[in-house]
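Enquirer: Going line by line, the protein sequences match chains A and B. Counting in UniProt numbering, the first sequence runs from 1 upward without gaps. Counting in UniProt numbering, the second sequence runs from 1 upward without gaps.
It should be emphasised that the hints constitute simulated quantities derived from the structure, not laboratory data. One should not assume that every hint holds.
Claimed, not checked - Some chain B residues close to chain A (C-beta under 8 Å, calculated; not the full set):
no.	residue
1	152
2	153
3	196
4	218
5	228
Every residue, glycine too, gets a C-beta built ideally from N, C-alpha and C.
Read off the chains here:
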Amino acid sequence: MPDAAVFVEAQDLVRHFDVSRPILQRLAVREGKRILRAVDGISFTIPKGTTLSLVGESGCGKSTVARMMVGLYGTTSGHVLFDGRDLKQARAASDQRRRLQMIFQDPYASLNPRWRVADIVAEPIRAFGLAQGRDAVLARVAELLTQVGLSPLDGQKFPHEFSGGQRQRISIARALSSNPEFLVCDEPTSALDVSVQAQILNLMKDLQRRLGLTYLFISHNLAVVRQVSDRIGVMYLGRLVELAPAETLFTIPRHPYTRALMEAIPDLEMTGRTRIPVGGEVPSPITPPPGCAFHPRCPLANDRCRRERPELLAAEATMVACHAVQEGRAG
Amino acid sequence: MSGAIARFRDSDLWWSFKRSPVTILSAVVALICVGGALLAPFIAPHDPFDLASLNLGDAFKPPAWDEMGDAIYPLGTDDQGRDVLSAILYGARISLLVGFCATAFATIFGVSLGLLAGYIGGAVDSVLMRIADIQLTFPSILVALLVDGVVRAAVPREVHDQIALFVVVFAIGISEWPKFARTVRGSTLVERNKEYVLAARVIGVPSLRIMASHVLPNVLGPVLVIATLNLGLAILAEATLSFLGVGVPPTQPSLGTLIRIGNDFLFSGEWWIAIFPGLSLVAMVLSVNLLGDWLRDALNPKLR
């Protein structure tokens, strides 16, 4: 859907990883190449100033999508369009590259332990030449630290002097320092305490409102996602199974997998209720099951689901990839 | 500056140093060795290179405490009438110089290649590490002998005497680089996937800059330990080469050269010519190694 407001677009993204054993071993045991299909055909669009979230279990490929969206991983096939340009071209020019930034999951690994906070935050400013002279850079760093709720004096400290939440604020300040328009957030709160999570999410929403940022938000936590998203995509084994406006997804989840995820959200009012857990494990992305990847765990699966892979099709406000929903068997 | 000293006195390193008498003793011995070597021209009682001052009549004097000894030659004299103590002080200079330079060369060379192999990966990594593997199957003294032999065959004799010191440094350094490269490669593989490196890559910082400013400072800890331990090995390697007669030129005798000279007189009873340089070598290498061991343990958080 080519929309004038579309800012970032993923077109049929595919990313395979070669996880074969070394060639000599492979020849010895006569084994073929082993290809891990981390992302297996994903398309979505993000309008300017909005947040799209991708949720899913560990290993479903959401972090791989995040890294492809900023160009850390190349695509096996498919394209990322950034403001109408191919991402590869956009990243070749530094005035375009500075418009996209990333916030990472682990606040303990995302800051170089040997750098002072001021240098960490200033790295993009210096790399893109956004401020001239030491004083101008430091003034900008002080401004950024204030913006994320830290003191300008914190710039002289080292990362280990801060808590996880404060470190994530430093990460956000670094990401903001190049005046980006599109931010990819790879599970930015999953390493934090619940109370701190809320602070960071509020900060991110506040920054979005003030600076008109566009977010791609990756998480496995539905409660977190509900708070920040405009639209939510549910991923399973490298594919989108459902893509819907945030509230719609929570009020009328359509895909059996989405329903199972909703069931699993802890709920104070429903304590003691018997849950219907999703049976089984996520299949291996090296040897995905034929047909719909979810069929071994799906209560609604029939022969067609085992044979034919469902496409992501519109069903009212939602996009769903499920034969049962299309056929009206889902109820 | 005083702040840095205060921080050091507060650090775990200083704390573990104070608690280990062996380490303190090693540090004192190492300091004496380095100090003696550096100050040799000022504290040596004689100048062993001043041929005019040599008196063949003073040859084979035993140490001063022997009844045949002479107080002006505290550790006796060799076959040319050279003062053994002075020769040791000057010899230690050469030994330490070659040891330091060879270790520095091996460190810079090995760390650079290890960083490249670990960060770039792929074919570069495979090729560099296979070369390192092959070299590790040879004893390092053999590699040093090989390098020395090739240079000797390649350049005329008078040129060789001038560059002999550099050749020894290169030969020992090149035989030790794989240790550094493998260690650094291992740590680089860990660091390069950390998110702070990814953050730098997102904004397009060039690979060489990322290696130098992000990865390098975070992989240097183990390198410091290996370099210290390697210093002892390099001094020994130089002594071995000089003992075999292929090391530093005879005009600049190192401890190894002195031992070789003394070796000829061991069985005729002039034991001091070989034993005192030997003891100095043992003291020097042992103290450096013990310091290296302490550094390794002190920097390993699991052993605290």
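Enquirer: Each hint: holds or not?
Expert: Here is what the structure says about each hint:
1. 152: violated, 40 Å
2. 153: Nearest chain A Cβ about 38 Å off; hint violated.
3. 196: With a minimum Cβ separation of about 4 Å from chain A (threshold 8 Å), the hint on residue 196 of chain B holds.
4. 218: holds, 6 Å
5. 228: For residue 228 of chain B, the interface hint is violated, since the closest Cβ of chain A sits about 21 Å away, which is over 8 Å.
Comparing the model with each numbered hint stated earlier shows that hints 1, 2, 5 do not hold.
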